[in-house]
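Chains E and H, in that order, give the protein sequences. Positions 1013 to 1261 (this note's numbering) are the ones given, in order, by the first sequence. Positions 13 to 322 (this note's numbering) are the ones given, in order, by the second sequence.
One thing to keep in mind: the hints can contain errors.
[What the hints assert, rightly or not] Below, simulated EDC-like cross-link-like pairs (lysine to aspartate or glutamate); rule was C-alpha separation at most 16 Å, straight line:
no.	chain 1	residue 1	chain 2	residue 2
1	E	1243	H	296
2	H	191	H	75
3	E	1157	H	194
4	H	232	H	317
5	E	1157	H	245
6	E	1209	E	1093
7	E	1032	E	1234
8	E	1231	H	136
9	E	1028	E	1234
10	H	293	E	1246
11	E	1205	E	1093
12	H	191	E	1159
13	E	1028	E	1133
14	H	68	H	43
15	H	27	E	1172
16	E	1231	H	133
17	E	1243	H	310
18	H	117	E	1148
19	E	1231	E	1034
20	E	1243	H	133
21	E	1119	E	1217
22	E	1119	E	1218
23	H	197	E	1172
24	H	191	E	1162
25	E	1157	H	252
26	E	1028	E	1039
27	E	1028	E	1093
28	H	187	E	1172
The hints are simulated quantities; they were obtained by calculation from the structure and are not laboratory data.
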Amino acid sequence: MKILVPVKRVVDYNVKVRVKSDGTGVDIANVKMSMNPFDEIAVEEAVRLKEKGFATEVIAVSCGVTQCQETLRTAMAIGADRAILVETTEDLQPLAVAKLLKALVDKEQPGLIILGKQAIDDDCNQTGQMLAALADLPQATFASKVEVVDGKAQVTREIDGGLEILSINMPAVITTDLRLNEPRYVTLPNIMKAKKKQLDTFKPEDLGVDVSPRITTLKVSEPPKRSAGIKVPDVASLVDKLKNVSKVI
Amino acid sequence: MSNLVIAEHDNVSIKGATLNTVTAAVACGGDVHVLVAGHNASAAAQAASQIAGVSKVIHADSEVFAHALAENVAAQVLAIAGNYTHILFPATAGGKNVSPRVAAKLDVAQLSDVTLVLSADTFERPIYAGNAIATVQSKDATKVLTVRTTGFDPAAASGGSASVETIAVIADSGKSAFKGSEIAKNDRPELTAAKIIVSGGRALGSAEKFAEVITPLADKLGAAMGASRAAVDAGYAPNDWQVGQTGKIVAPQLYVACGISGAIQHLAGMKDSKVIVAINKDPEAPIFSVADYGLEADLFVAVPELVNAL
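Work out the full structure: start from the sequences and follow the hints.
Shown next, in the form of structure tokens:
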């Protein structure tokens, strides 16, 4: 069984982004870019399934600019066997990415597609579910545990109020939550090895997909600032403020 | 213009997030219908018909909805989607699970976590963990939205008198099966609907200390309990208590952060709270930059003292 792992290149989670003064977006020139943390968890999970003998090949995929190659090399350093870049400078929205991935699913016929539940830049939380719908596959989102049992994926999901376990037919789409695993550190020898692994590049046209955006961003602005309040010296004055000033207790 | 709200419910009652979503639907303009897809869910459908501003409740009842599997719920929404210009889900774990399936099948974009409706096709939504607000316009014929509940007041749960129409149910997808769940039973208010939340961070040091220190304060205040990602990752608190960018987004009247440093991703989940209290012994902790009242103290001393003082 092959596992397809879509990964996204995003602004590193440690970077505090700045809104551009002209309101056209956020300034991402010269900031550190990294693999979306949820996708890193997805790569780790796929590699573990391969190490346990459930999968034969892990294929990392990224859609976007040329530099996404770096993200794919990182995925291969974690343990993905090969990579595919769908290269475009178009502003890709989740529906377009889901369509590109659907075309690759048709081509590669993976048994599982594992990807992050959301990207930390646009915070959309859509791509996995959209891919599942377009490919008519079952889905298990927000996974905190993945097992393969009797040819089906048994997935523990994080839901409001607790956890839920689903058993889904494969092929299937799984999206990862934070507690699924802790990705391994990439070692230098594995980074070197990753440089030699196969990386194929396609254009959206090669896959017959129209990736033009459906949503127009009219403006990006700073959120309303919350100003710091005051420091209180002790518990008694805190209680006094809450009771008599804010009146919230 | 006509809007369809997908209700979140437990077959007996309507969950609070549905009410905020109805308010967002009203803001889009036109009629508001509510879909209750459930199993033996007549009581929930009746409750939905009482919501102010709702003109029709569509009730689909079958065992295939017993566990709200995404494949089945999405198929039921799609069966009636043609009648609507806007389809709105609450941005809860349940809503987020289903809505992109609906959008993709309709070949339309989805607008996630909408916090403001500016017009029928223009909306505001936070990006980059709430560090920027995007004003976005959809060119699609049908708008599929998930609604951030903290952005909208809840519609009144009573006063409405919508008709209830029962519709034919779709067939089970057969591709997904529910095996079990672990839902924590407690008498506390739901995290996203609570008026007061007491949250603990990594400084608690262990699950035992978390329970020993945070629980009495939450009990005293009748509060829901939350946690930072660090505390959840360390196993001090259950996963679904996580407040932050990738966890729960909350906006209670009072948020008490105990031993939480205030990472960007945590602030993204709670900075719209009305009053924020931070108890932390590190004077440089970023949480103080958003707190209305900061108490620089050892939480193991200050929190029990606070419990006694209340």
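Can you name, in rising order, the numbers of the hints this structure does not satisfy? Violated hints: 20, 27 and 28; rest satisfied.
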